[in-house]
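Visitor: Heads up: the sequence lines are chains Z and U, in that order. First residue of the first sequence? That's 320 in the numbering used here, and the numbers climb one at a time after it. First residue of the second sequence? That's 320 in the numbering used here, and the numbers climb one at a time after it.
Treat the hints as calculated values from the structure; they're not laboratory data. Hints are not guaranteed to be accurate.
You can't tell identical chains apart in this list, so a pair holds if it fits in one copy or across any two.
Once the Cα atoms are required to be at most 25 Å apart in a straight line, the calculated DMTMM-like pairs of lysine to aspartate or glutamate come out as [as the list claims (entries may be wrong)]: (1) Lys-487 x Glu-470; (2) Lys-487 x Asp-538; (3) Lys-385 x Asp-479; (4) Lys-487 x Glu-453; (5) Lys-385 x Asp-558; (6) Lys-487 x Asp-474.
The structure displayed is predicted, hence computed values, not measured ones.
Spelled out, the chains give:
Number of protein chains: 2
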Amino acid sequence: MRSPIGIFDSGVGGLTVLGALRQRLPAENFVYLGDTARLPYGTKSAATVQRYAVNAAAHLAHHGIKLLVVACNTASSYALDVLVSTSAVPVVGVVEPGVRAAVATGPGRIGVIGTEGTVRSGAYQATLARLAPEAAVEAVPCPLLVPLAEEGWGDHPVTDEVARIYLKPLLEWRVETVILGCTHYPLLRPSLQRVVGPAVRLVDSAAAVADTVAVDHADLVTPGSGGGTVRIELTDASDRFLRITRAILGGEPERLAVVDVDSGSP
Amino acid sequence: MRSPIGIFDSGVGGLTVLGALRQRLPAENFVYLGDTARLPYGTKSAATVQRYAVNAAAHLAHHGIKLLVVACNTASSYALDVLVSTSAVPVVGVVEPGVRAAVATGPGRIGVIGTEGTVRSGAYQATLARLAPEAAVEAVPCPLLVPLAEEGWGDHPVTDEVARIYLKPLLEWRVETVILGCTHYPLLRPSLQRVVGPAVRLVDSAAAVADTVAVDHADLVTPGSGGGTVRIELTDASDRFLRITRAILGGEPERLAVVDVDSGSP
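Looking at chain Z on its own, in the form it has when it is part of the complex:
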């Protein structure tokens, strides 16, 4: 088998990135690792997230991956540097592609929403300052949005109300673009778009990550229009996670395994 691309997320939100990658690279093989036994990462400290990310990368390395996609904003924010310095293969995070997509139509007033970890890390703020120094940036943590997405309440009055509370400072500031700084948030698009109004652009990094992989790593990807495989590995397979996995994939996963990555062994 050709070497796969490895994708890693704290849970199943990163399947939105897998979906965009499969659409862009239909001949490619993918191994997706969701660390569902230890999620969420967004409320935990930098030290813990770095340790978990290194475990996950070591596990995927045993699959002989040729490229590592960190499809988790908290891990991309806290652990990208350590993953780049310890990984034998190229590493693509979600922060920079998301920022590029957000500033593609001009800087303006850019809001970032994400977990506490992602916002506190300052990764989006630093990347925006580097790539679009003229943009005005406000970032707000939204801790309840991941649980709401996992509850399947992406189009729900409670989510509208929670989003209204969290996004109030951005709306008062007349934000123009909001970066969805968590791979779960595309599941909340109906509520979020309703709350920000039709004039505000919501930027989801999934397609941008797929572009980055296809263009910046064109030498590694498998050309072709189909035939790629997907293997999904979860560190915990509760009914809950399987239900969300099916909802995001739109059906049963082809290959699914439960793995233990605590020790970093395969």
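Given chain Z, work out where chain U should sit, using these hints.
Guide: Below, chain U without anything else, positioned relative to chain Z:
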């Protein structure tokens, strides 16, 4: 130092049980372990929760504890049997004391709210069937209540709305007593009591657990009116968890350490 009582929870919700124990046994020494690096347990599978609980118990055993209190409903529901069979010291869970407190004033219509794991395990339902076979029981999972408690929204319109949705079947059934089947839920009492109305009794197992320890294990506890110590250990110490810890304890913890329990070693 006299042997301490060990208390274990997936996170910081179990500090509500620690509070009741300190009040009941002020001369006692306690070691509290919150597995904040791997929380929540409530959404994860039985196999994962059992593995984590055994790790945590092994870690506390290295402190020379004389009694283990499992101050987590999900762990009590999924892992009490395995802890009892592997522990060298007596083990007290939260389910049976909570049930005893609920049925003390007569059986009637008893509702149980808890995590998905706690409700699916059937532990409350089985314990109620054993101790109060004439009681009518309905249990409903409430996955968003822990994140709402951790957000500090225990007295908040969003929590009222979420509770109204989750508790609707219990209210239509004219529930008389609701067991708070998660050690985080006492933090939500203002919203929960508002939603169920003043006539419905909310039963929190913290005081009942303290009674069980003091009465059923009177031979082990340290008598006296003061002088006990508390050591708190967390597997992750993000600002978020420290903030919630302070809120529950009403101040800074006296002794706090960050520990690694993944391997079950101290």
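Visitor: If a hint holds in the structure, say so; if it does not, say that too.
Guide: Cross-check of the supplied hints:
In this assembly of identical chains, the alpha carbons of Lys-487 and Glu-470 lie at most 25 Å apart whether taken from the same copy (23 Å) or from different copies (17 Å). For the identical chains of this complex, Lys-487 and Asp-538 are neighbours neither inside a copy (44 Å) nor across copies (57 Å), given an alpha-carbon limit of 25 Å. Taking CA atoms no more than 25 Å apart as the test, Lys-385 paired with Asp-479 passes in neither setting, with 41 Å inside one copy and 49 Å between copies. In the homo-oligomer, the alpha carbons of Lys-487 and Glu-453 lie at most 25 Å apart inside one protomer (23 Å), although the nearest pairing across protomers, at 51 Å, exceeds that limit.
When the C-alpha separation of Lys-385 and Asp-558 is checked against a cutoff of 25 Å, the pair qualifies neither within a copy, at 31 Å, nor between copies, at 36 Å. Proximity of Lys-487 and Asp-474 under a CA criterion of 25 Å is satisfied in both settings, with 19 Å inside one chain copy and 20 Å between copies.
In summary, the numbered hints that this structure violates are 2, 3 and 5.
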